[in-house]
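Number of protein chains: 2
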Amino acid sequence: MAKKVDKFESDLLRGSLDLMVLAVLDQEDQYGYIIQKKIREASGEKVSMSAGTMYPLLHRLEGEKLIRSRWDDSTGRRRKWYAITAAGRKRLTKQANQWNQYVQCMAGLMQGYYKPVPKLG
Amino acid sequence: MAKKVDKFESDLLRGSLDLMVLAVLDQEDQYGYIIQKKIREASGEKVSMSAGTMYPLLHRLEGEKLIRSRWDDSTGRRRKWYAITAAGRKRLTKQANQWNQYVQCMAGLMQGYYKPVPKLG
DNA sequence: TATCGATATATCGCATGACGATACATTAGC
DNA sequence: GCTAATGTATCGTCATGCGATATATCGATA
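Chains as they are written, first to last, in my numbering: chain A, 404 to 524; chain B, 404 to 524.
Source of the hints: derived by calculation from the structure; they are not laboratory data.
Incorrect hints may appear among the rest.
You can't tell identical chains apart in this list, so a pair holds if it fits in one copy or across any two.
Claimed, not checked - Derived pair list, reagent style SDA-like, types lysine to any residue, alpha-carbon separation capped at 25 Å:
{"no.": "1", "residue 1": "410", "residue 2": "492"}
{"no.": "2", "residue 1": "468", "residue 2": "514"}
{"no.": "3", "residue 1": "468", "residue 2": "506"}
{"no.": "4", "residue 1": "410", "residue 2": "490"}
{"no.": "5", "residue 1": "483", "residue 2": "500"}
{"no.": "6", "residue 1": "449", "residue 2": "412"}
{"no.": "7", "residue 1": "497", "residue 2": "443"}
{"no.": "8", "residue 1": "441", "residue 2": "409"}
{"no.": "9", "residue 1": "410", "residue 2": "482"}
{"no.": "10", "residue 1": "493", "residue 2": "466"}
{"no.": "11", "residue 1": "440", "residue 2": "482"}
{"no.": "12", "residue 1": "493", "residue 2": "514"}
{"no.": "13", "residue 1": "441", "residue 2": "462"}
{"no.": "14", "residue 1": "497", "residue 2": "408"}
{"no.": "15", "residue 1": "449", "residue 2": "479"}
{"no.": "16", "residue 1": "440", "residue 2": "511"}
{"no.": "17", "residue 1": "440", "residue 2": "512"}
Start from the sequences and build out the full structure, keeping to the hints where you can.
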């Protein structure tokens, strides 16, 4: 049987899913299904947003003009491609900065329970 | 005029406020007002839970038997002291571990946007 | 003495957003 | 033909952080 990985609690994700999606779209234009898949795989199955989370999230980001969409009906499968906007990049930078600050803040609050993230590169 | 610090967005806090409170109580018994104050000060005013957040949270944790309470009416001011339970410590360890994993996961997902937390000590 | 700010706990309704369920259509493989 | 994967969408439910409000005590100060 496949090894079952427990997902992160949904409350933990609140406030950072937007950030993940914007980060994915900042690398290249994508459509919902693939964004979802990328995040799931990159997180080792620990962040697997349902469609009921993904699509409303994309609609919300589009409503805020942080991303924009374009339908592609050229193939048999209808796909809605998303691209990040200038405002989206600005928001991404801001939110990422906010996230980093929050992580540092928690590090201080958690004292002994916190284990620093290993250096990248 | 006092320098106004913007607080973290409330969605960012979801899922980690419990953790903060448990961490404070793991150090010593406290009552709500002080727990709130400690977290506010330790975060540089960036996490300032309202009373409408703090007290329901404490009641919830008590309902889950992660903390227990005791009224102190010996002084003029009625204070409800809280202590962490064995189950609470277990939960604290688990949640802290979960948090650390999540931070690492975000580090991977965020790639270039992530800045590692400076070494402690 | 009255008024104000800090201390101290509690509850209410609101807004947000992640979730599972459900729906629907296409395509590929068995 | 059946099933699984692909692909988007919406619905109602649930959890929880928040501001507003209520209540009470105490010290300082005008």
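Right, here's what the structure says about each hint:
1. Proximity of residue 410 to residue 492 under the C-alpha cut-off of 25 Å is restricted to the inter-copy arrangement: shortest distance 22 Å between copies versus 28 Å within a copy.
2. Only between protomers do residue 468 and residue 514 lie at most 25 Å apart by alpha-carbon distance; the minimum there is 24 Å, versus 39 Å within a single protomer.
3. Taking the shortest Cα distances, residue 468 and residue 506 never come within 25 Å of each other, neither inside one copy (27 Å) nor across copies (28 Å).
4. Taking the shortest alpha-carbon separations for residue 410 and residue 490, only the inter-copy value of 22 Å comes in at or below 25 Å, while the best intra-copy value is 31 Å.
5. When the C-alpha separation of residue 483 and residue 500 is checked against a cutoff of 25 Å, the pair qualifies neither within a copy, at 29 Å, nor between copies, at 37 Å.
6. Proximity of residue 449 to residue 412 under the C-alpha cut-off of 25 Å is found in both arrangements, the shortest distances being 9 Å within a copy and 23 Å between copies.
7. Proximity of residue 497 and residue 443 under a CA criterion of 25 Å is satisfied in both settings, with 24 Å inside one chain copy and 22 Å between copies.
8. When the C-alpha separation of residue 441 and residue 409 is checked against a cutoff of 25 Å, the pair qualifies only within one copy, where the shortest distance is 18 Å, while the shortest distance between copies is 32 Å.
9. Proximity of residue 410 to residue 482 under the C-alpha cut-off of 25 Å is found in neither arrangement, the shortest distances being 27 Å within a copy and 38 Å between copies.
10. Taking the shortest alpha-carbon separations for residue 493 and residue 466, only the intra-copy value of 16 Å comes in at or below 25 Å, while the best inter-copy value is 42 Å.
11. Taking CA atoms no more than 25 Å apart as the test, residue 440 paired with residue 482 passes inside one copy only; the shortest distance there is 15 Å, against 50 Å between copies.
12. In the homo-oligomer, the alpha carbons of residue 493 and residue 514 lie at most 25 Å apart only across protomers (17 Å), although the nearest pairing inside one protomer, at 32 Å, exceeds that limit.
13. For the homomeric pair residue 441 and residue 462, the shortest alpha-carbon distance inside one copy (19 Å) is at most 25 Å, but the shortest distance between copies (39 Å) is not.
14. Taking the shortest Cα distances, residue 497 and residue 408 sit within 25 Å of each other only across copies (15 Å), while inside one copy they are farther apart (31 Å).
15. For the homomeric pair residue 449 and residue 479, neither the shortest alpha-carbon distance inside one copy (31 Å) nor that between copies (50 Å) is at most 25 Å.
16. For a Cα distance limit of 25 Å, the shortest separation of residue 440 from residue 511 across copies, 15 Å, qualifies, whereas the shortest one inside one copy, 34 Å, does not.
17. In the homo-oligomer, the alpha carbons of residue 440 and residue 512 lie at most 25 Å apart only across protomers (12 Å), although the nearest pairing inside one protomer, at 34 Å, exceeds that limit.
Violation of the numbered hints given earlier is confined to hints 3, 5, 9 and 15; the remaining hints are satisfied by the structure.
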